[in-house]
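Starting from the known structure of chain P, fit chain B onto it as the hints suggest.
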Amino acid sequence: MSEYTVKDKVAIVGIGETKYYKRGQAPVPEFLLACEAITKAAQDAGIRVKDIDGFSSYSNDRNEATRLAAALDLPEVKLSMMVWGGGGGGVAAAVGNAAAAVAAGYANYVVVFRALAQGQYGRFGQSSPAATIAGVAPGYSNFSAYSAPYGLLAPAHWIALRTRRFMYEHKVKQDALAAIAMASYHHAQFNPRAVMYGRPLTREAYDNSRWIVEPFHLFDCCMENDGAAAVIVTTAERARDLKHKPAYVMAAAQGSGYRTDVAAENSIDYPSANYKTVAPRLYQMAGITAKDVDVAQFYEHFSGGPLMSIVEHGFCHPDEVNEFCTFDNLIAPGGRLPINTSGGNLAECYVHGMELVNEAVRQVRGESTCQVPDAQIALVVSGPLVPRGVSNLLVHG
Amino acid sequence: MAESTTQSYLPPGLAMPVPSPDGVDQGFYDALKRHELTVQRCTKCGTFQFAPELICHKCQSTELQWQKIPGRGRLYSWIRVWNPVHPALKNACPYIVAVIELPQAGGVRMVGNLLGDPMQDFPFDSEVEAVFEDHPDKGFTLVQWKLIQGERRKG
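Top to bottom, those sequences are chains P and B. Quick note on numbering: the working numbering labels position 297 of the first sequence as 297, and the sequence is numbered without any gaps. Position in the second sequence counted from 1, then plus 397, gives you the working numbering.
Okay, chain P solo, but in the shape it has when bound (with noise of 0.2 angstroms):
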């Protein structure tokens, strides 16, 4: 590899987020989780607040850095920075934007953060009410004059319809995707921070759930929530003096393949979960393979998103999926694969995956609620089958 990677010479240093709460229940704005995640964040790293000078999110989070800048008494700001598109594709391209940017020398401390409060703004899951809708609409191309007017209007749509395209090549069955759902359960009733914590999920509740939309039961679709969370992001030379255990940073990728964006459903690569150019650029820039990862944060909207994901980062074989993806593959400490050691966006907190990162430092730190023994390599998969773009990211302890 070149000198032109970012492996090795960045690491996340301190993480921290809100309390999560039920959609409708965050007791403040969700400016004021901005801050507080960004705040814990650097006392976790043991710098002042006022040490950063970068920041770093997605999704056009809606708190503007100038703003968190200027409230939290910042003398400088040398960055901010915003992926383009992709709504939970974004979050490790963040961290990976945040870990450019700091190896270049443009900021010290850059903070990735992300805080989503649907119950004060709009909810991901429901549609407009608009009364037209031209050509490719703005925002997504999922949702255009092509699609729109026949009800295919929200994420578990567009979602459920690439996955039962895979489900149908692969003969995958339902149970594979109820591993998934029910081992985030799983690890969530560990995890004090979860908002499922105490809400145990056994497969009789699972088949027994309303259906959103074939093949997503209620308990394979993400939650809608309030909350915030946020990670500092420095040199490895700056990381060594600072409180913790540093997660550095091994590779960090992100983008999209041949006219993965295309309205209308027509992705070339259909039943895909986008990473099949994006993955290989993440195991040759950290220089590993998938059999010397330890534990993996797969991004959840929907069960789908990790199921694909797991194939696409090569665990195991897409004709493979329902061996592979069992309850006791999946969970800790002693799966093949330990996925969503937190909860994730299906049972800790969607804040929109970036709670994901901090439980892949947890997991290097040795510091999860579901540690997975000796962990020494941590994977972040950020959006599946988000046609605008995806990312992940790798950390070692």
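Check before you lean on any hint, since a few could be wrong.
As the list claims (entries may be wrong) - Which chain P residues face chain B? A few, computed with CB under 7 angstroms, are given here:
id	residue
1	127
2	132
3	133
4	147
5	160
6	164
7	165
8	257
9	261
10	266
To be verified - When the alpha-carbon atoms are kept at most 27 angstroms apart in a straight line, the in silico BS3-like pairs for lysine-lysine are as follows:
id	chain 1	residue 1	chain 2	residue 2
11	P	50	P	78
12	P	22	B	543
13	P	171	B	543
Because the hints were derived from the structure by calculation, they are not lab data. Here the structure is a predicted model, which is why all the values come from computation and not from measurement. Yeah, the Cβ is synthetic: ideal placement off N, Cα and C, and Gly gets one too.
For chain B alone, coordinates are given in the frame of chain P:
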């Protein structure tokens, strides 16, 4: 003559499709009103493309036309939607959304509803045919799809 209906599959109230202000898809909507299915095609290199774009993605020519194609396709994927995410759909669930592949137009895909009992099974890769759904009061036509009974193309 292509089949058509004035009975709409979903209740009124969803966003009405209108041509893009840049004119890229005006021809598509005009053809639907004539009950013709068209796909954008490059006059220079012959490439089909959908969704439409102002430029051919293969050769970057801007000389594009709307080519009439047969209203026949293949059921590429479909979902049964149970949760209404729009007020107009409150009493419309379950309904079926399908992605149809058009082998006679370079394999481009279109979205539509699959007509018929939503609780029936719709085998993947089945042959389907177009049904034009007119909305005369609003001045637009949608293309819908239905199974061609008794036929199934191998996947």
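Against the structure, the hints:
Hint status for residue 127/P: holds, given a least beta-carbon distance of 4 angstroms to chain B, under 7 angstroms. Hint on residue 132/P holds. Least Cβ distance to chain B is approximately 5 angstroms, under the 7 angstroms limit. Interface hint at residue 133/P: satisfied, since its Cβ lies 4 angstroms from the closest Cβ of chain B, which is below the 7 angstroms cut-off. Proximity of residue 147/P to chain B holds as hinted, the smallest CB-CB distance being about 4 angstroms (cut-off 7 angstroms).
At about 5 angstroms, the closest approach between the beta carbon of residue 160/P and any beta carbon in chain B falls short of 7 angstroms, and the interface hint on this residue holds. Because the smallest distance between the Cβ of residue 164/P and any Cβ of chain B comes to about 5 angstroms, under 7 angstroms, the interface hint for this residue holds. Residue-level restraint check for residue 165/P holds (minimum Cβ-Cβ distance to chain B is 4 angstroms; threshold 7 angstroms). Nearest Cβ of chain B to the Cβ of residue 257/P: about 14 angstroms, over the 7 angstroms cut. The hint is violated.
For residue 261/P, the interface hint is violated, since its Cβ never comes within 7 angstroms of a Cβ in chain B; the closest pair sits about 10 angstroms apart. The restraint placing residue 266/P at the interface with chain B holds, with a minimum CB-CB distance near 5 angstroms, inside the 7 angstroms limit. Using a Cα cut-off of 27 angstroms, the hinted pair residue 50/P and residue 78/P holds, with the two alpha carbons roughly 12 angstroms apart. About 41 angstroms separates the Cα atoms of residue 22/P and residue 543/B, which puts this hinted pair outside 27 angstroms; it is violated.
A C-alpha spacing of about 25 angstroms is found between residue 171/P and residue 543/B, which places the hinted pair at or below 27 angstroms, so the restraint holds.
Hints 8, 9 and 12 from the earlier list are contradicted by this structure; the remaining hints agree with it.
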